[in-house]
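K.L.:
So you can see what is in the structure, the chains are spelled out below.
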Amino acid sequence: MQYLLMIYGNEAAMQSAGKAEVEQMLAAYGAYSEAMRTSGVIRGGERLRPSSAATTVRVADGKTKVLNGPYAETKEQLGGYFLIDVPDLDAALSWAARCPGASHGVIEVRPIWPM
Amino acid sequence: MAREGGEPARETAETVARRSYGKLVAFLAARTRDVAAAEDALSDAFAAALADWPARGVPRNPEAWLAAVARRKSIDAARKRRSGEDAAGHLRLIAEELAASAGDRAVPDDRLALMFACAHPAIDPGIRAPLILQTILGFDAATIASAFLVAPAAMSQRLVRAKSKIRQAGIPFRVPERADLGERLDAVLAAIYAAFAEGWSDPAGTETRRRNLAEEGIWLGRLAASLLPQEPEALGLLALMLHAEARRGARRNQAGDYVPLAEQDPALWDARMIEEAEALLFRASALGMIGRYQLEAAVQSAHVVRRRAGRADWAAIERLYDALSAMTGSPVVAINRAVAIAETRGPEAGLAAIEALAADARLADYQPYWAARAALLAQTGAVEAAERAYERAIGLEPDAAVRRFLQQRRRDLRGPLA
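Protein chains in written order, with this note's numbering: chain A, 13 to 127; chain B, 360 to 777.
Check the hints yourself; a few may be wrong.
Claimed, not checked - Cβ-Cβ distance ranges computed for the label pairs, FRET-style:
{"#": "1", "chain 1": "B", "residue 1": "483", "chain 2": "A", "residue 2": "86", "range": "22 to 28 Å"}
{"#": "2", "chain 1": "B", "residue 1": "688", "chain 2": "A", "residue 2": "88", "range": "49 to 55 Å"}
{"#": "3", "chain 1": "B", "residue 1": "682", "chain 2": "A", "residue 2": "47", "range": "41 to 47 Å"}
{"#": "4", "chain 1": "B", "residue 1": "648", "chain 2": "A", "residue 2": "65", "range": "49 to 55 Å"}
As the list claims (entries may be wrong) - Not close to chain A: a few residues of chain B, all C-beta gaps over 12 Å, as computed:
{"#": "5", "residue": "475"}
{"#": "6", "residue": "524"}
{"#": "7", "residue": "531"}
{"#": "8", "residue": "536"}
{"#": "9", "residue": "624"}
{"#": "10", "residue": "744"}
{"#": "11", "residue": "757"}
No lab work stands behind these hints, which were simulated from the structure alone.
Idealized CB from N, CA, C, for every residue including glycine.
The following block holds chain A by itself, in its conformation from the complex (with noise of 0.2 Å):
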């Protein structure tokens, strides 16, 4: 099965932290990355840019409104994610486990929906 591991954080921390802090926690995902790629296990993954640099969209009554920022102004954001294929909830939630946002903010874990 497919699922989609979302990593929320709070990008205010993230931003502040230093330099040091920011090369660890990049090194922390390579080498997590690495191990879902030896593993086969990925499918897919990308780090986003902070919702500062959102734009969102929504046609209603037929007008197009482009709004600046996010769905939803939460502390916690989305920050990246990352797409694996395993067995089952179990093994992709040890895998959740793994990722260096967790142990930051949270990881959501959705099955992907076959269609």
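Start from chain A and add chain B according to the hints.
P.N.:
Relative to the frame of chain A, chain B by itself:
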């Protein structure tokens, strides 16, 4: 095939339904994780058995027959319901299962794996026990709802949601690895105990279905204890249930009246079950990790001392309830602790301990609280207060035999025996 008439065939179908329900659900849903579809296919298969067996005789292996028919029904249903790649995947899983179970071979017993799926941390804690009762024992939502004091429609909806979660989230049917076992096992044991307790509430054993529940609870407890022999709480729970079940025959006299534990004739207790319980508890204690079920079983064990010593070991009972109280914070434990204190330090001390609970709103409508309070008041000579407490207890008791017992105690307050 053995030739049998309509009635024996119907009885066999019902017996197999009861004994094999969870096994068949676990077998049918293990790969697809679609519990609801497995239940539907199984209910079709039972209907087919009721039509087929009376006419053609009960098959040699009724369980395998039901599994094969249910499997065919679920293939039909999958073809109808699904389309494209999804159906192909589903049918491939079913085919794998068919290949794995070809012929008349015994249906594998994956009930423990199914129980762990139902008690998965991704499932809402409040629905885990009801889900196990439904998938393993085949209880309908209305029966479960009444056991858990929830509206049947609400219970039904929550069960449906939980089954969707198992399928959609891909929750595995597997006994978890050692590192994750602790919390997961607690949920499984709690559900087993809930099943047993519902059966236990029919002490006269007049309702077959309920009596079977206590037996099924013990059966599930045996299964868990045999598959997880290094888990002291699994052993402790089985010991606790066996201790309670050992006293079933002594809980009613020949007139069908309720006999409280303190007045039961130890000769009526089932010695074989008690010995098994004691041996389990001994094994559990050797594993060196204490827990709620072991403590509760140890309380039963201290009561059983009365067989030899003529009196329960109340000092031990008080200590055990102290430990349970610290572990669970349960007001029910606190009531039992107060009763033990009355035995070790006198009725005034017991009454003081129970008065300390009076402010707990959870006990206002709890019959054992009022009955314990009434008995302690009676022992201290506070007749009027005891009468009021008995009155409250009588009004809260659903079991007619226990009600009669409480009414007699209330009369005795002013009677010749008082």
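K.L.:
Indicate, hint by hint, whether the structure satisfies it.
P.N.:
Quick rundown of the hints versus the structure:
1. B:483 / A:86: 22 to 28 Å: This hint holds: roughly 24 Å between Cβ atoms.
2. B:688 / A:88: 49 to 55 Å: violated (33 Å)
3. B:682 / A:47: 41 to 47 Å: The hint (41 to 47 Å, Cβ to Cβ) holds, given that residue 682 of chain B and residue 47 of chain A are roughly 44 Å apart.
4. B:648 / A:65: 49 to 55 Å: holds (52 Å)
5. 475: Incorrect as stated: the minimum Cβ-Cβ distance to chain A is 10 Å, not above 12 Å.
6. 524: violated (9 Å)
7. 531: violated (4 Å)
8. 536: violated (9 Å)
9. 624: Given a closest Cβ separation of 51 Å, the condition holds.
10. 744: Answer for residue 744 of chain B: holds, closest chain A Cβ roughly 54 Å.
11. 757: Fine: 40 Å to the nearest Cβ keeps residue 757 of chain B off the interface.
Consistency note: the structure conflicts with the earlier hints numbered 2, 5, 6, 7 and 8.
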